[in-house]
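J.: The primary structure of each chain is shown beneath.
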Amino acid sequence: MSHANLLSPPSSIPPKTALSLSQKAPLILAASPTSSLPWPLSLLFSRESPESWTIHENLFLSSLRTGDDKSARLTLDRMTTRFGADNERIIALRGIYEEALANTPAELEKVFQGYEKILREDPTNLSIRKRRVAILKSLGRPADAITALTVLLENSPTDVEAWAELSELYASQGLWAQAIYSLEEVLLVMPNAWSAHAQLATLYYLSTPSNITTLSLSLRYFCRSIELNDTYLRGYYGLKLVSQKLLPLLSDSTSLKRNNDEEEAGPPPKLATVKKLEELATSKLAEIVRQYNAGKTGWTGLDEAEVIAAKALLDHGGIER
Amino acid sequence: MAQPIVQTIHRDPALFWWILLPITVVMVLTGILRHYAMILLQTAPKKQALPQIRQQRSLVRGINLRTHAKVLPPASFQARKAYMVSAYQEGKFLADPESRGKPRPNPMSDPAAMEGMMGMMKGNMAMMVPQTLIMGWINAFFSGFVIMKLPFPLTPQFKSMLQSGVGTRDLDVRWVSSLSWYFLTLFGLQPVYNFILGSNNSATQSTQQMAANPGAGLMGPEQDPDKLFLSESENLEVLEYKWVLEGIEDRLVIKFGL
Numbered sequence: 001m002s003h004a005n006l007l008s009p010p011s012s013i014p015p016k017t018a019l020s021l022s023q024k025a026p027l028i029l030a031a032s033p034t035s036s037l038p039w040p041l042s043l044l045f046s047r048e049s050p051e052s053w054t055i056h057e058n059l060f061l062s063s064l065r066t067g068d069d070k071s072a073r074l075t076l077d078r079m080t081t082r083f084g085a086d087n088e089r090i091i092a093l094r095g096i097y098e099e100a101l102a103n104t105p106a107e108l109e110k111v112f113q114g115y116e117k118i119l120r121e122d123p124t125n126l127s128i129r130k131r132r133v134a135i136l137k138s139l140g141r142p143a144d145a146i147t148a149l150t151v152l153l154e155n156s157p158t159d160v161e162a163w164a165e166l167s168e169l170y171a172s173q174g175l176w177a178q179a180i181y182s183l184e185e186v187l188l189v190m191p192n193a194w195s196a197h198a199q200l201a202t203l204y205y206l207s208t209p210s211n212i213t214t215l216s217l218s219l220r221y222f223c224r225s226i227e228l229n230d231t232y233l234r235g236y237y238g239l240k241l242v243s244q245k246l247l248p249l250l251s252d253s254t255s256l257k258r259n260n261d262e263e264e265a266g267p268p269p270k271l272a273t274v275k276k277l278e279e280l281a282t283s284k285l286a287e288i289v290r291q292y293n294a295g296k297t298g299w300t301g302l303d304e305a306e307v308i309a310a311k312a313l314l315d316h317g318g319i320e321r
Numbered sequence: 001m002a003q004p005i006v007q008t009i010h011r012d013p014a015l016f017w018w019i020l021l022p023i024t025v026v027m028v029l030t031g032i033l034r035h036y037a038m039i040l041l042q043t044a045p046k047k048q049a050l051p052q053i054r055q056q057r058s059l060v061r062g063i064n065l066r067t068h069a070k071v072l073p074p075a076s077f078q079a080r081k082a083y084m085v086s087a088y089q090e091g092k093f094l095a096d097p098e099s100r101g102k103p104r105p106n107p108m109s110d111p112a113a114m115e116g117m118m119g120m121m122k123g124n125m126a127m128m129v130p131q132t133l134i135m136g137w138i139n140a141f142f143s144g145f146v147i148m149k150l151p152f153p154l155t156p157q158f159k160s161m162l163q164s165g166v167g168t169r170d171l172d173v174r175w176v177s178s179l180s181w182y183f184l185t186l187f188g189l190q191p192v193y194n195f196i197l198g199s200n201n202s203a204t205q206s207t208q209q210m211a212a213n214p215g216a217g218l219m220g221p222e223q224d225p226d227k228l229f230l231s232e233s234e235n236l237e238v239l240e241y242k243w244v245l246e247g248i249e250d251r252l253v254i255k256f257g258l
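These protein sequences, in sequence, are chains A and B.
Start counting the first sequence at 1; every next residue gets the next number (the UniProt record's numbering).
Start counting the second sequence at 1; every next residue gets the next number (the UniProt record's numbering).
In case anyone wonders, no lab produced these hints; they're calculated from the structure.
The reader is advised that the hints may include incorrect statements.
[Unchecked claim] Here are the simulated SDA-like cross-link-like pairs (lysine to any residue), alpha carbons at most 25 Å apart as the crow flies:
1) A:K130 to B:Q7
2) A:K311 to B:V253
3) B:K70 to A:N192
4) A:K245 to B:F256
5) B:K242 to A:K130
6) B:K159 to B:Q7
7) A:K117 to B:K159
8) A:K110 to A:P123
9) A:K117 to B:F256
[Stated by the list, open to error] Non-contacting residues of chain A with respect to chain B, defined by C-beta distances greater than 10 Å in every case (computed):
10) A100
11) T124
12) N155
13) S156
14) T158
15) Q178
16) L187
17) N211
18) R224
19) P269
20) A286
21) E287
[To be verified] Okay, the calculated bits of chain A under chain B, using three or more residues with CB under 8 Å as the criterion:
22) 188 to 202
23) 212 to 220
24) 275 to 285
Every residue, glycine too, gets a C-beta built ideally from N, C-alpha and C.
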């Protein structure tokens with residue numbers, strides 16, 4: 001993300017952007033969007049717009065990220081006066097604030113107990129259920145987090161965020177089949193998400209090394225992510241990596257024996273095609289790296305770490321797992 | 001051929017200041033007032049219980065599976081299909097499995113449905129009461145006045161619309177009576193409200209009715225969830241499935257012209 005903007009979702013912004021966003025706090029906190037006039041007049045003279053509360057929420061999250069707890073508190077208080085302490089979203093934001101201020105596992109445990117109490121009163125509060133999972137994760141209890149998430153998903157099986165999180169947790173435990181299943185659920189809701197396709201390809205790639213069936217599945221998912229977004233760095237990176245692995249296997253005729261897996265994932269791709277794809281990925285990656293280093297407009301939005309990794313892949317044939 | 005006789009009526013300029021303008025201002029203000037009254041009268045939508053959420057979202061999951069099946073590899077699609085179809089047929093996701101197969105209860109006896117009807121009643125009352133009052137007010141004070149002349153000619157069909165309250169047969173259609181002006185403002189002020197209150201206002205009835213029942217089509221109270229599940233399981237069973245990733249590598253090669 002090249003420009004700092006308080007209207008975009010804050011989850012994926014790099015630390016530098018978060019800092020510059022949170023430095024806007026004094027300016028935003030100086031002017032209240034709600035009017036201080038008594039009731040009927042306040043309706044007429046408020047400068048409130050739907051965006052102002054998105055800005056407040058993102059400012060709150062950025063301030064917490066950068067350790068500006070005071071601004072976060074002020075923003076939270078302002079949102080609480082506007083929407084009331086019982087608002088589902090405010091409850092979740094307050095939870096985030098408390099979690100951020102908790103330093104020891106014991107304090108986190110206390111916040112956790114608070115969530116349990118909220119959930120006993122209102123079992124439908126899904127954002128608190130998600131916060132609960134987040135605490136379990138930061139307490140280092142992935143198995144419990146997985147259980148909590150499966151309960152959540154049992155009740156709300158269309159929640160993309162939760163499925164993606166579950167997939168990540170399973171992958172961290174090395175349970176590849178479950179991780180792949182969860183990510184496929186993400187795809188069912190968002191069938192055109194190229195990042196999810198690339199992630200699924202990565203999971204296949206990591207799950208079983210040097211197996212033609214999984215590698216060709218992985219290759220196909222990377223291909224799909226490129227088909228959906230033909231400037232997708234990660235897609236090309238994966239395509240190159242997988243095709244490099246796949247080429248020796250395919251040219252080795254003994255490993256090409258027919259097996260049952262073939263019916264599941266279709267026949268393996270042709271050797272010539274994979275070669276062409278590898279060349280394509282190489283040239284595209286080289287172009288991306290070149291343009292990024294030249295600082296051309298339209299190419300600066302890439303993540304620096306990813307470009308460095310792509311360059312390393314081009315130079316030395318990649319980083320070993 | 002003689003020119004058509006142009007009717008001229010000499011109107012007291014006070015008519016403009018004491019009738020036309022008050023009616024317009026009153027109508028605009030009622031609209032704004034109604035908008036804020038509707039906001040105050042609105043009850044927050046009732047929260048669904050967890051089993052209901054589960055029931056609804058499980059159905060959506062099945063629909064998602066059907067519409068986006070092409071993203072899945074054959075094996076995982078078949079596994080999912082088998083699971084969803086059998087779960088739907090067993091009624092695994094139903095909010096209250098006991099009432100399966102029983103006829104739906106009368107909606108009048110359902111308190112939730114009653115509440116929805118009360119909400120609609122409130123909206124109607126907020127529309128009706130001020131209208132009755134204002135119309136009574138105009139009838140009592142301003143009936144029979146011809147207050148303005150439209151700058152364009154109209155066909156005689158508009159006579160009943162524009163000259164209600166003025167019982168003259170030969171009056172040109174372009175003359176507008178006070179009661180008609182009331183009706184015109186009643187139906188024609190929506191752009192003005194949009195300008196003052198923003199496009200999402202509830203100053204007139206039409207927008208309010210549209211917003212009355214969102215999402216009723218999917219799983220409204222009048223539909224039997226079990227039937228929906230069963231029909232969805234049939235849809236899944238007859239689904240024609242094709243994997244989008246089949247031959248993707250060749251597609252990509254062609255796309256980039258290698």
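J.: If a hint holds in the structure, say so; if it doesn't, say that too.
T.: Hints, one by one, checked against the model:
1. A:K130 to B:Q7: Given pair K130 (chain A), Q7 (chain B) is violated - Cα atoms ~75 Å apart, limit 25 Å.
2. A:K311 to B:V253: Answer holds: K311 (chain A) to V253 (chain B) is near 23 Å, not above 25 Å.
3. B:K70 to A:N192: holds (11 Å)
4. A:K245 to B:F256: Given pair K245 (chain A), F256 (chain B) holds - Cα atoms ~22 Å apart, limit 25 Å.
5. B:K242 to A:K130: Distance ~35 Å between K242 (chain B) and K130 (chain A) Cα, so the pair is violated.
6. B:K159 to B:Q7: holds (15 Å)
7. A:K117 to B:K159: violated (68 Å)
8. A:K110 to A:P123: Roughly 19 Å separates the two Cα atoms, so the pair holds.
9. A:K117 to B:F256: violated (57 Å)
10. A100: The claim holds: A100 (chain A) sits with its nearest Cβ about 28 Å from chain B, beyond 10 Å.
11. T124: violated (5 Å)
12. N155: Non-interface label on N155 (chain A) violated, nearest chain B Cβ at 5 Å vs cutoff 10 Å.
13. S156: Since the minimum Cβ distance to chain B is about 5 Å, S156 (chain A) lies within 10 Å and the statement is violated.
14. T158: violated (5 Å)
15. Q178: holds (12 Å)
16. L187: Contrary to the label, L187 (chain A) does not stay out of reach of chain B, its closest Cβ about 4 Å off (not over 10 Å).
17. N211: holds (15 Å)
18. R224: Non-interface label on R224 (chain A) violated, nearest chain B Cβ at 6 Å vs cutoff 10 Å.
19. P269: P269 (chain A) not clear of chain B: closest Cβ-Cβ about 5 Å, inside 10 Å.
20. A286: Given that every Cβ of chain B is farther than 10 Å from that of A286 (chain A), nearest at about 14 Å, it holds.
21. E287: holds (12 Å)
22. 188 to 202: holds (count 3)
23. 212 to 220: Since 3 is at least three, the answer is holds.
24. 275 to 285: holds (count 4)
Checked against the numbered hints above, the structure violates hints 1, 5, 7, 9, 11, 12, 13, 14, 16, 18, 19; every other hint is satisfied.
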